[in-house]
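Undergrad: Chain residues, written in single-letter form:
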Amino acid sequence: MTGAQIAAAARRQTTVIPRASRGDTWAGRLFQALMFAAIGLAFLGLGAIIYDFARDGAAVVTWEFITRFPSRVVPDRAGIQSAIVGTVYLMLICAVLVIPLGVMTAVYLEEYADANRWYNRLIEVNIQNLAGVPSVVYGILGLAFIVRGPLGMGPVLLAGGITLTLLVLPVVIIVAREAIRAVPSSIREGSLALGATHWQTIWKQVLPGSIAGIATGVILALSRAIGETAPLLVVGAGVSLRFNPEGLDSSFTALPIQIFAWTQDPNQAFVARAAGAICVLMVILLAMNSVAIWLRNRYEQKW
Amino acid sequence: MPDDVTEETIQPEQAAARRFAPALAPHPATAPVEAPSESIFDVRDVAVFYGEHRAVTDITLALRQRHITALIGPSGCGKSTFIRCLNRMNDLIPSARVEGEVVYHDQNLYDEKIDPVQVRKRIGMVFQKPNPFPKSIYDNIAFGPRVVGMKGDMDEIVESALRRGALWDDVKDRLKDNAFGLSGGQQQRLCIARALATDPDVLLMDEPCSALDPISTGRIEDLMMELKANYSIVIVTHNMQQAARVSDMTAFFTVELDAGEKHRTGRVVEYAPTDKIFTNPDDKRTEDYVTGKVG
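As they're listed, the protein sequences go chains A and B.
With the working numbering, letter number 174 in the first sequence gets 174, and the count goes up by one each step, no holes.
Count along the second sequence from 1, then add 1000; that gives the number in the working numbering.
A couple of the hints might just be wrong.
As the list claims (entries may be wrong) - In silico lysine-lysine, BS3-like type, Cα no more than 27 Å apart, as pairs:
| hint | chain 1 | residue 1 | chain 2 | residue 2 |
| --- | --- | --- | --- | --- |
| 1 | A | K204 | B | K1228 |
| 2 | A | K204 | B | K1284 |
| 3 | B | K1135 | A | K302 |
| 4 | A | K302 | B | K1176 |
Said to hold, decoys possible - Sample of chain A residues facing chain B (criterion: CB under 8 Å; computed from the structure):
| hint | residue |
| --- | --- |
| 5 | L41 |
| 6 | E110 |
| 7 | D114 |
Since the hints were derived computationally from the structure, they do not count as laboratory data.
A virtual CB, placed ideally from N, CA and C, is assigned to each residue, including glycine.
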């Protein structure tokens, strides 16, 4: 080949864009279809569940259902007031306890802890592990140390709240750490260079910059706790209570407990009540998650 | 470079003088440099280590009060590491260790009794990338005075700082707006104004214009010339035109493998008045660097 021929060949090669091969195109389509099928399957499962309880429960959910107390005898008159109030109280206790504990732990681990020290590494590994411990184990912990044992509170509202706090604490710590880590180091440096102390920098720059992420994480963690049944059963939540909790040392029940109790009942009319309670629980859950999403979109700091 | 040929026929220092001649013309806003003034920093035998690694070594410089001192040199030569010694920002890196003395107003900044937070109140710093806080323009400026507990009318403090930062006219009608809405150059002037708000007497600037366009860079250089009447300024820059334009003194850093050492270490090759560094340097390495032969 002459030089001119080589040059001509090179020109052809660089100017003509080859078409995608048929095999590549089909592989791409197949892959896309598989992914679509996977997400479709997940949605199908969710849809089936929603359809199932909505069909049985929608008719049950009335204002009377929400405001009446549970009944063990007359399904038509059974409501969920004490369960809703108990759940709300549990969430409040949980939030009040878990926010300061979780945020302070996260601040310590991100801003103060020297990651080279063995005890800090041990704490870190343990928090990761604790986030994966089954919730019933937390229930047993609550039973042994809070209901009985050292604290000996008995099966009261505060004991249930503390147990749920322990359950969600690792999750809150992990999300709070991520939110704190997302604050760029240039902000910390800028603050320290102005003569701010480490503490002022954390309080006035790092925490305000990460508060939206922390709040979002806390709500998502609480919405996990709200559906937990096993730990509350183990710590001795009451069933079909005909009164609301009157204080931290009062007996209590919660929505998932009431649902669990009704689904166990041989009377089909009570099972329909359970479906109605599930509808209410789902609405609360969706509302909490919506607030979390809204918070994130509205207040999350873009750096 | 158009004068490839001519460089062989004339002396390198002449070539350098020619290249930097326009930049070295006296700036209208400044008086020419008079006799050496008092030092603001007496740096004695400073070495900085990151763990076992010696990043810079044998730094001995007397940085002058109310002058602009430029630190130039190739990447990795330790300019930034050194400038961060002057307000103890290296304390934030757990593995960093500083040896030697940095004497500021007769006190060694690395004395055990010195609180780094107090040091930083007196010695402000501006960083490479503008780092405004995600707050209003007003709150960005007011943050420093608030944390150091400055007394007085905060509105006045903010206005005065923004005026000194040559930003007042740009932002006086939108002090409550988020600082992230400013342009890059305005953000950097905000950071300068923020540093001035606490009334420091030194301003450290670590490549303050490297993320800015030439027009914004020009405004910041003009600002520096104005500020040096009241402040001592130390600036790290990769832009040699900038060093030549704004600074009175220049320190040329380089990074070399020392005899018997495994790692490359930064050190100062030459420290002299800026026009000497750029026109008639004593050291061949300085000359090669400022004429663009290396680096």
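Undergrad: Each hint should be assessed against the structure and marked as holding or not.
TA: Status of each hint after checking the structure:
Only pairs whose Cα atoms come within 27 Å are accepted, and K204(A) paired with K1228(B) is rejected, the gap being roughly 31 Å. With a C-alpha separation of about 50 Å, the suggested pairing of K204(A) with K1284(B) is violated against the 27 Å cut-off. Of the supplied pair hints, the one linking K1135(B) and K302(A) holds, its CA atoms being roughly 12 Å apart against a limit of 27 Å. Between K302(A) and K1176(B), the direct Cα distance comes to roughly 18 Å. Compliance with the 27 Å bound is thereby established for this hinted pair.
For L41(A), the shortest C-beta to C-beta distance to chain B is roughly 41 Å, which exceeds 8 Å, and the interface hint is violated. With its C-beta approaching chain B no nearer than about 14 Å, E110(A) sits outside the 8 Å limit, and its interface hint is violated. A least Cβ separation of about 7 Å between D114(A) and chain B falls short of the 8 Å threshold, and the interface hint therefore holds.
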